[in-house]
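Asks: Here is how the chains run, residue by residue.
Number of protein chains: 2
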Amino acid sequence: MALIVQKYGGTSVGSTERIAVVAEKIIAARNQGHDLIVVVSAMSGETNRLVALAKSVADPPSPREFDVLLATGEQVTISLLSMALEARGCPARSYTGAQVHILTDSAYTKARILDIDDQRIHADLAQGKVVVVAGFQGIDAEGNITTLGRGGSDTTAVALATALKADECQIYTDVDGVYTTDPRVVPEARRLDKICFEEMLEMASLGSKVLQIRSVEFASKYKVPLRVLSSFTEEGQGTLIAPEDKTMEQALISGIAFNRDEAKLTLLGVQDSPGFAAQILGHIADANIEVDMIIQNIGADGTTDFTFTVHRNDYQTAFSILQNHAKDLGVREVQGDEHIVKISLVGVGMRSHAGIASTMFKALAEEGINIQMISTSEIKISVVLHEKYLELGVRTLHAAFNLEQAA
Amino acid sequence: MALIVQKYGGTSVGSTERIAVVAEKIIAARNQGHDLIVVVSAMSGETNRLVALAKSVADPPSPREFDVLLATGEQVTISLLSMALEARGCPARSYTGAQVHILTDSAYTKARILDIDDQRIHADLAQGKVVVVAGFQGIDAEGNITTLGRGGSDTTAVALATALKADECQIYTDVDGVYTTDPRVVPEARRLDKICFEEMLEMASLGSKVLQIRSVEFASKYKVPLRVLSSFTEEGQGTLIAPEDKTMEQALISGIAFNRDEAKLTLLGVQDSPGFAAQILGHIADANIEVDMIIQNIGADGTTDFTFTVHRNDYQTAFSILQNHAKDLGVREVQGDEHIVKISLVGVGMRSHAGIASTMFKALAEEGINIQMISTSEIKISVVLHEKYLELGVRTLHAAFNLEQAA
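Those sequence lines, one after another, are chains X and G.
FYI, the numbering for the first sequence is 270 to 676, going by the working numbering.
FYI, the numbering for the second sequence is 270 to 676, going by the working numbering.
Think of the hints as simulated: they come from the structure by calculation, not from any bench.
A hint or two may mislead.
Copies of the same chain are indistinguishable here, so a pair counts whether it falls within one copy or spans any two.
[Unchecked claim] In the SDA-like style, the derived pairs of lysine to any residue whose C-alpha atoms are separated by at most 25 Å in a straight line are:
| # | residue 1 | residue 2 |
| --- | --- | --- |
| 1 | 657 | 625 |
| 2 | 398 | 329 |
| 3 | 596 | 583 |
| 4 | 294 | 324 |
Please work from the sequences and hints to get the whole structure.
Replies: Structure, rendered in structure tokens:
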């Protein structure tokens, strides 16, 4: 018998029929003897409906009141799911974020969880009840309703699993696990049985949208095993995301992530003097633009070229900022390119293996793919390519590292 | 400068356009220097939508979870209205029932208010904010969400007015006041400037659906002046409902109420012995059926006839109960009639005036209307007639007492 936190996202509870299916899944798990805490999102479409209501009243709406509005979405789902469970003879009890004191800071629309009161939940579990908690929401110290922002329900689930020392936190979604890469790009992509937190973080931050990065960070920090499962299929163990298992032979490469939302900016003929990078990026940060990759090569003539990538939505703003400061910064020329993609090999196994990078670059070269930028970390190698090479590049690398076969 | 509680019902906030109109009304009142607490219902149609969702998941749904679901309706309205106020530069702050601790008992779907925490509200008012509170909802001592049942938002408004010692509680609705009778039946019906609590209670309980009886009882008990106003028209002072004003000349009759939702049941040839009525009504009460009028005439031969009225929805059940017990009770025959209406004259002025009843009966007799039952209280005379006489009866009495003219 284990204590399990299950989280069902918006599409999993997108209709009353879907809610009935979820209720059956929960009851099946309970019949196996598990204690269950279930976290749910708003029914798919509901958040959009509420946002449209708000915008028709005030644009932008007051952040505090926007959170009061959005929080109703999950409240509807917790009540409907609890009704469905009780109607099937399964004792259940719903709680809003406020009712179980999911204490957050006061940053409306993007609050962070500080603490959870586990008393009521423990009492209900002891009485054999399934506890159904609204994801995505909390209250601040003054009792104001807050929401956690994107992926907030995943975060709620992990936070509850941490607070209640759950054995596993299961994230039910519309995919049946984490794949070696996006199956829409590589049909041979394979579901991973297991992936470690570090790898998942790299995969998530690089655009694999299965899990939100915040919840993976949270789970990693508190060592809560996460499992990604489909709520739409009957069978399947999904993918377990857990601390790195030192006793096991690690796969060289776990997967290939990619990101087509970036653009790159290059400053040519920069005086190579201390503090220069900080100055440039300071201007960018002042505009609230996040920078991803940063590359600088040492030049021969005392000047250097400085390149970084930003989200495509920020490209025009970033470009203008650089042009406005080009003269002060003593830059010869500002260049930019929106037509790029980033492809990354991820795997803790590459720590102890040489030659990954050369295999990667060779495979791309054999297809005539030009590499514009390279960046590496201990468990990741990223390359920036022209966007036209996205599919070819990913498929080439997937095959080069035999990812269609289990390690 | 006064402290005013305003309550806007479902049709008054039925769309985002209507919410904008309500925001303007609130700002106009605030610009006159008033402190404002605003109570709102769910947008019209929203509660029906939520009920349908619940029924498609579980029928009947768990009462606790049903309240969690329904409470989202008002939460949506408070957030939208507060956004609309803030967007117009009017500082506002929304509160759910839980957030201002509208403490109730634990009778889900029909809870009663026990206490209200006025601290946060006072603090906000002191800062010049409009306080927007969700009607219809509260929490019990364990923090479970409760709802107050029909007309609950009116009750919330009156309870807040009481707790905060407001100068007036204004109920905005889709009618512009309390009328001498239903204008759809009598086009000459006149809006009353003022009516006392006792009269309003009789009018409300007899089917004038402007205000819920619970909120009038509450206001009467705590002597909170109530005012019924339209949120759809610009002008008008509505109708003030206040304690009886002894210094004023009272109108003889304030209004004519009627009720077409009743049915009558008669037991013929009943042994006239002590405890008999209690026995009959005990059986009816056991089935959770409420009884309205009760009439018993003393018979000549030691037997008597016993008649009472129930809601039409309960008629069949009540009839079966009586038939099942007819033999035990020693009753000769059970009769019933669903085709009745009750018409009542209401007015505190009738206390000190004789002859009201005879004027009433004479007017009806002149139209050939047969009176089936008569019941009186200090400020009310009710008659039961065949339902075909409803309109004729009401119009005849309205004219007989000159109600189209102000007293």
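Asks: Among all the numbered hints in the text so far, which are the ones the structure does not match?
Replies: Violated hints: none; all satisfied.
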